[in-house]
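Engineer: In this note's numbering, the protein residues as written are 1 to 348.
Misleading hints may appear alongside valid ones.
Simulated restraints on C-beta separations [as the list claims (entries may be wrong)]: (1) Pro7 to Gly190: 31 to 41 Å; (2) Ile208 to Asp234: 29 to 39 Å; (3) Asp39 to Asn273: 57 to 67 Å; (4) Asp181 to Trp214: 20 to 30 Å; (5) Asp39 to Gly128: 17 to 27 Å; (6) Val305 to Asp202: 43 to 53 Å; (7) Gly260 to Ile208: 46 to 56 Å; (8) Lys215 to Ser177: 17 to 27 Å; (9) Asp39 to Pro244: 48 to 58 Å.
Hint data in this document are derived by calculation from the structure and do not stem from the laboratory.
A virtual CB, placed ideally from N, CA and C, is assigned to each residue, including glycine.
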Amino acid sequence: LYPSWSPDGEEIGFLSFRDQTLDIWVTDADGENQRLLYDSGGHDADLHWVGDVIAFTRDSQIWVMNSDGTDARRLTDPPRAGEWGETVLPFGDYDPRVSPDGSQIVFERLVDDSTIHGNYDLFLINIGESSETRLTDSGWTQGLVSWSNDGQKLVYTVSAVGLEGRYDLFLIEPDGSGMEDVTSEIFPPGFMANSAIFSMNDSSIYFIGNWWDWKIFDSVLTCSFTSPQIDLGDTVTISGSLGPLVESVFVQVTVTRPDGSDDIHDVVTDEGNYVLDIKPDQHGVWEAQASWEGDSGHSESTSEVTEIIVREETEPEEPESEADGISGFYLEAILLGLIVYYLKQAFS
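Turn these sequences into a full structure, and let the hints steer you where they fit.
Structural biologist: So, in structure tokens, the structure goes:
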């Protein structure tokens, strides 16, 4: 549980239940040389390792120790620590997250047991000091916090499952200022954004998103030819789209020839669209239909059948030559002229 890399990437700290209690262990990166690092005699949890500092939860309090397991010491002593109320965990502090420079720890504190899961707020403490800073007091649960790599921001999840059925991401500075709602205007109720982390340069935030009541979206697939009819031997394009947008999936396009045989093509979508070029080799009516098998969040979909008429090639008619037409016209004109001439001579 709770695997955490050492700063040099050579070891991994983790929690393991091996002798009636949950203890802190460490292993080489290849899984070899597993060894017990710390055993308080009770359950130790919520491991986080940064630099030479390992933070963890013990007796519903936040503790720290050196990376070699020495000098374990308690940092927090919350009200009613370890006392059970109406929630799934006792009152206390949980999920410590060490700042990138190893000087501060932000953690969750159970402050209200009016619901089965309880409400938690975020607190911050400087290592080596006893004073705490309360960062949030919203009445909802705040948790799953991560530091930015420069130590200037915290991203965390606010859960409002009770009334709204949603999780949203918020940003805040370590002194409690600059609180910012990141996701509530983007995603609808019922969407849970959680487990956020910053990118290496802190320009983006990555997170897990899923639905409180898992939803399967109805997908819609279209398919059409670019022209209603072509001549045999010409190339025609079949195109369509898949919505809602699902990136880079295989759409199966079935092309039916006039003789009833099928050609099946697998086409990859690009930004929800697909394109397929074919060159019909039979005259008559060709049909095309696209289908997609769907995925865990989208239903399968089949497009309507689309048709195209492929005309048989015909020999073009040779136009009547200009010379032939003009020759016949001149012959008639000459004969008519001769008749008129002789009539004039006869009556003169």
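Engineer: Taking the hints in turn, state whether each one holds.
Structural biologist: Verification of the supplied hints:
Range check, Pro7 to Gly190: about 40 Å between beta-carbon atoms, so the 31 to 41 Å window is met. For the pair Ile208 and Asp234, the beta carbons lie near 50 Å from each other, so the given range of 29 to 39 Å is not met. Here the CB-CB span from Asp39 to Asn273 is close to 58 Å, well matched to the stated 57 to 67 Å. Between Asp181 and Trp214 the beta carbons are some 24 Å apart, a value that agrees with the proposed interval 20 to 30 Å.
Look at Asp39 against Gly128: about 24 Å separates their beta carbons, and that is inside 17 to 27 Å. A C-beta distance of roughly 51 Å is found between Val305 and Asp202, which places it inside the suggested range of 43 to 53 Å. The given range of 46 to 56 Å is respected by Gly260 and Ile208, whose C-beta atoms sit roughly 48 Å from each other. For Lys215 and Ser177, the Cβ-Cβ distance of about 36 Å falls outside the hinted range of 17 to 27 Å, so the restraint is violated.
The beta-carbon spacing between Asp39 and Pro244, approximately 51 Å, falls within the hinted interval of 48 to 58 Å.
In the structure shown, a violation is registered for the earlier hints numbered 2 and 8, in ascending order.
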